Structure formats: structure tokens, C-alpha cells
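> Just need the whole structure built from these sequences, with the hints factored in.
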Amino acid sequence: MTESKSFNRVATIILTILVVIAMLPILLIVIASFTEENALVRNGYTFLPEALSLDAYYYMVKQGFVIVRAYGVSFFVTLFGTCVSVILTTMLAYPMSRRSYKYRNILAFFVFFTMLFSGGIVPSYIMWSQIFHIRDTIWALIIPNYLVTAFNVILVKNYFQNSVPESLVEAARIDGAGELKIYIRVMLPLAIPTVATISLFTGITYWNDWTNALYYVDNEKLYSIQQLLMKIMNNIQALQSSSNASLLGTGTVDLPSTSVRMAMAVIGILPIVVIYPFLQKYLVKGVIVGAVKG
Amino acid sequence: MPTTKTTGKKKRFRNLPLTLIALPGIIYLVINNYIPMFGVFLAFKDYSLVKGIFGSDWSGFANFEFLFRTKDAWIMTRNTILYNLGFIIIGTVCAIAVAIMMCELGKKVRVKFFQAFLLLPNLLSWVVIGFIVYAFLNADTGFVNNSILRTLGIDPVSWYSTTGPWPAIIIIVYLWKNIGYQSIVYMAAISGIDKSIYEAAAIDGATKMQQIFRITLPMLKSTVVTLTLMSIGRIFYSDFGLFYQVPQNSGALFNVTQTIDTYVYRGLMELNDVGMSAAAGLYQSLVGFILVLAANFIVRKVDADNALF
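Chains A and B, in that order, are what the protein sequence lines are.
So the mapping is simple: this note's numbering equals the position in the first sequence, first residue as 1, plus 1105.
So the mapping is simple: this note's numbering equals the position in the second sequence, first residue as 1, plus 19.
No lab work stands behind these hints: they were computed from the structure.
Some hints here could point you the wrong way.
As the list claims (entries may be wrong) - Pairwise CB distance ranges, derived in the manner of DEER restraints: (1) F1185(A) / S241(B): 27 to 35 Å; (2) A323(B) / N1324(A): 45 to 53 Å; (3) L1273(A) / T226(B): 49 to 57 Å; (4) R97(B) / N1339(A): 23 to 31 Å; (5) L101(B) / L1129(A): 46 to 54 Å; (6) F60(B) / L1273(A): 43 to 51 Å; (7) L305(B) / F1180(A): 12 to 20 Å.
Stated by the list, open to error - Derived DSS-like pairs: lysine-lysine, alpha-carbon spacing no greater than 27 Å straight-line: (8) K131(B) / K227(B); (9) K240(B) / K126(B); (10) K1326(A) / K1167(A); (11) K131(B) / K214(B); (12) K126(B) / K227(B); (13) K1386(A) / K127(B); (14) K227(B) / K214(B); (15) K1386(A) / K320(B); (16) K70(B) / K1390(A); (17) K214(B) / K90(B); (18) K1326(A) / K1336(A); (19) K1110(A) / K90(B); (20) K1390(A) / K214(B); (21) K1390(A) / K127(B); (22) K127(B) / K227(B); (23) K1110(A) / K227(B); (24) K1207(A) / K1110(A); (25) K1336(A) / K1167(A); (26) K131(B) / K90(B); (27) K214(B) / K1386(A); (28) K240(B) / K227(B); (29) K1390(A) / K90(B); (30) K126(B) / K1110(A); (31) K227(B) / K1286(A); (32) K240(B) / K131(B); (33) K127(B) / K1110(A); (34) K1110(A) / K214(B); (35) K214(B) / K127(B); (36) K70(B) / K126(B); (37) K126(B) / K1386(A).
Predicted, not measured: the structure shown is a model, and the values here were computed from it.
All C-beta atoms in this analysis are idealised placements derived from N, C-alpha and C, irrespective of residue type, glycine included.
Take a look at the structure:
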């Protein structure tokens, strides 16, 4: 017993240290965003700043429109993309889960093969930009890559197969329900736990995605929060809308650029950190389910 | 007989409603995944924007010849494979260690806290992680140069143009982002082990360490083998964000940060060398495909339940 206790103590200490290491980098940028600009230039980013200030956030409120628009783009892409993704994914998974469906094996292979082989980014980039002309449209942030993934389809299919008895479907059929009705009225309500899981993962994917923006978006009206962050890393002036920049002229000199960079990163993380405590449980469950049979 | 005829007809169309329900998803996968598969022929073309996809001249294996004659092919292949091997070995060891400690603490409230905090970095985008690394490594205002090196009396380092430390930096950032996620997978595997085995061992006087090395680790073997083989199947693929955002796309670091994925991106978007980029992409897809098949073949021999197919 005492041995087990001392083991527990050591484990607690090591894990606490790991948690501190995991959190310190995030803490550093939060503190940096509240540090006074001159103190930053003198001492660099540090955990114990000489002077605190809200200048970075004041500055961002002044530039509010650019940030609000980027937030808007990110929220729209995340919500819309996740909804469409869930609908398409469950609609594809449902027939695959039906034992009486003749083409279920062909369909399963069709979905699964996309996990094994991919044409790569070059053909797909040329297809989306030159055949579908998706460049600089909001669809460029939603459609390529993420709407239907084999991983999610297989996750939902397995859930339908293991948790929804075939007899339930048969009963609904005898009651005269068509397949679409069975899918909407019977399968979807029963699939809520797994729909929650894939929504969560898909939502995080969309919120965090920057690659579609990198490939397909140049128009600054369509900047998502991630793309705005990328632009700011390269050029802090990107935060100023072009009209402001021309009005201000040389006024850009007193821009608190060192702290604003980090304040922007904090703004980018904020929504995730805010919803995380409520979703953590489902996330852990999702990771386990996905790992066991993915 | 008329009755059999109608049931026959019914049977023939019985699959139609289900097919229609699946159709939108099928169309998406055909466009997003299957059409680009046929697009790999671009690797055999001397692509020109003016002549278009089909109008460009065929160039046979010229793109591949050029690609493999340069040092780039060797550098990106070496980097992709070595980093992945590092991730697999170090990542697995760390994740299992964390998982064992978490499981030993049982169902205490603090385990939930540990898990929550360790998983959080996994939810940050690579862009944000790029900012965080920049806060540490930036030459003028970075934490490392200003707070650590200055205190130790060491000259500041220009991190984004010094190749030496980058293999370590990349691996640390990878671990920081992924350990929480991976340890959850192993925690699930450990909690599946029959508790009575531990009770019996404890009665026989086995110490905690003995229990870990003689029971937990051997019981995890098949999970480790399966996950490792699956990672080896993906060894030709790298996390684009880790190798693009974290080094800030710094040209001075290409020697140690260029992977196949970043090469394909740069060829396509920055150098406009579509043919070469497509050749590198096809090289990745083909070798990757063979590796996945091989890995799955071995998993099926070791542990058929965990095989992908």
C-alpha cells in the first residue's frame, strides 16, 4: 500500500510538471499580449513583465472591423462546413450500414480506398482552381478536403451497425416508412452521440484550417482568423484595412506591433479555450473511439 | 406469374432509395478524391498554364529525372523519414509513460485535469503554434534569447537561420502538441487490461515497477505494434503545418525542415514548377500506398483484429 502511495505521489509530481510545461507556452503569449510595448522591446517576451498595458487590445478594438470580419468568416465556415459535413457523412454511412443493401461492400471499398491512395495536392489544386474556379470564394474555405472524410464515414457506419438494431429499421419499413424517412426519423436521432463526436472534430478542423486559405484565397475580405494571423506574422500592417493605412500615412510608426502580434494569437485561441471545458469529455471519448477502429 | 414479376421489380429497385441517399457523398468523394487520382498524369507533362491541363506537352519521365538528379529529392526524403522515425519512437515512449502514470492514479479528479491540460495544445492550429514558437525563438524579442541566454551570458542566437537546433525544436513542438492525444489512446488500451491480473501479482508480492514491466507493457504490445506499423505506413507523409508554420517558411532552414509536403507546396505555389511538384507528389503517393499495404499486411499477421482491411 505505501509503495503504491509513493508511486502515486511521484506520478502526480511528474504529471503536474508536464501540465505546467504544456501550459507555459500558451501563458507566455497571453502575458506578452498584456505587456507594455517598450518593456517588450527592452526585455523581450517574458513571464514577468516590467509593465503591463492594454494597448495591444485597444489597438485591436480600433482596427475592429478587420478582426470582426475575419471572425465572421471563420464562424460561418466552421458552422456551415460542419453542418454540411455531418449531413453528407451520415447520408453516406447509413446505406453502408444496412445489411440488406446490395452495394454496401462496393461502397465501403469506394470510401476506404480514399484513405490508401491520394492524387496529392497538385492535381487537386489545379482541379479546384481551374475547373471549379473556386479561388477567392468562400467555398474555397469549405469544400476542398474536409466535407466527407473516410475516417468519419467509417466511424458513423460502425456506430449505425453496432448500436442500431436492424430489426428497428425493418419495423419502420413495415410501418411504411421510406428509406429517407427512416434515415431522418430513426437513424439520425439515434446517432446523436456519434454525430456530436464528428461535429466536434470537423468543427475544430474548420476553425483551425489555414491550408485552404493558403492555396485558394488572396482576397482580404475573405480572410479567416487563421489567415489573418498568417498575414500578421509576415506583415503586421495587414491588420490595418487599406483605407486606414492610406489615411494614417506615417502614423503606423506607433503601432504596438510586438504585443499586437501576440494579442492576435490570443484572439485566435480564445473561442477554443472558451468552449473547451464543455466539450473536453466528448473529445476524449472521440479520440478513443477513433483510435480503436479508425 | 404477375406476383413474382412485381416482387422481382420491387427487388430490382429496392436498392435505389439507399443509393440515392448515398449519392451526394459519393459525388463529393469522386470530385474531391478520385478525380485528382487520375490527375497524377500531370507528373508526366511539361505543364504550362497557357496550354492547360490537357494541352500541355507530354514529357515522359523528364520531371522525375530532374527531381532525382537534384539534392532536393534526397533531402526531403531523408527529413520526412527521419523525423517520422523520431516521432514514432520518442512519441510512443512518452505517450505510454504518461498513460501508465495517469492510469495508476485511477479515477481521481486530478486525472481529468491532467488529461484536459495535456490535450489542449492538440486543439491549437499550426498558425497559432507558429506564433508561440516565434515568441520563444524570435531573435530580437524572443524569450530564449532575452530571458535564458542573456542570463547565462551566452550570445543571442538567430534561431530562424541556424539549422543545428531545428531537429530538436521540431521534435519538441511535435511532442508538446501530440502527447496528450496519444496518451489517451494508450490509456484506453491500459484500462482494457483485466484488473485481476494486477491483484494476483500484488498478492504474489510484485512491486509497482514489476507490475508495469511484466504486465502492463507486455499487454500493450499488440497495440504498440499496430499503431507503430500504421505510422510506418504513413512515414512518407509529414504534417505540413509543423514543417511550414513552425520554421516560419525560413529558407535558411530548408536543409533540415524541408519535407516532401513542403517541397510539393513550394514547387506548386512559390516556384510555379507544376511538373516537378506533381512528380514529387506522385512519388509520395506511390511509395506511401505501397508502405500502407505492406504495413497492413504485417499487422494482419501480428494481430488480425487491428488490421485496416
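> Between F60(B) and L1273(A), is the Cβ distance one that fits in 43 to 51 Å?
holds, 47 Å
> Quickly compare the C-alpha distance for K1390(A) and K90(B) to 27 Å and report which way the hint goes.
With Cα atoms ~45 Å apart, K1390(A) and K90(B) exceed 27 Å; violated.
> Between L101(B) and L1129(A), is the Cβ distance one that fits in 46 to 54 Å?
violated, 28 Å
> Within 27 Å, alpha carbon to alpha carbon, are K131(B) and K227(B)?
Given that 27 Å is the threshold and the Cα spacing comes to 22 Å, the pair holds.
> Hint says 27 to 35 Å; check whether the CB-CB distance for F1185(A) and S241(B) agrees.
violated, 41 Å
> Is the hinted pair K227(B) and K1286(A) satisfied, with a Cα-Cα distance of at most 27 Å?
It is violated: about 56 Å lies between the C-alpha atoms, which goes past 27 Å.
> Is the straight-line distance between the alpha-carbon of K1110(A) and that of K227(B) 27 Å or less?
Between K1110(A) and K227(B) the Cα gap is close to 10 Å, so the pair holds against 27 Å.
> Against the 27 Å threshold, does the CA-CA distance of K1336(A) and K1167(A) hold or violate the hint?
holds, 18 Å
> Holds or violated: K127(B) and K1110(A), Cα atoms, limit 27 Å.
Within the cut-off at roughly 13 Å; holds.
> Given the hint that K126(B) pairs with K1386(A), does the C-alpha gap stay at or below 27 Å?
Holds, because 14 Å separates the two Cα atoms, which is no more than 27 Å.
> Verify the proposed pairing of K227(B) with K214(B), using a straight-line Cα cut of 27 Å.
Answer holds: K227(B) to K214(B) is near 14 Å, not above 27 Å.
> Sort out whether K214(B) lies within 27 Å of K131(B), counting only the CA atoms.
Judged against 27 Å, a Cα distance of about 21 Å means the pair holds.
Of the numbered hints stated above, those contradicted by the structure are hints 1, 5, 7, 15, 16, 17, 19, 24, 26, 29, 31, 36, listed in ascending order.
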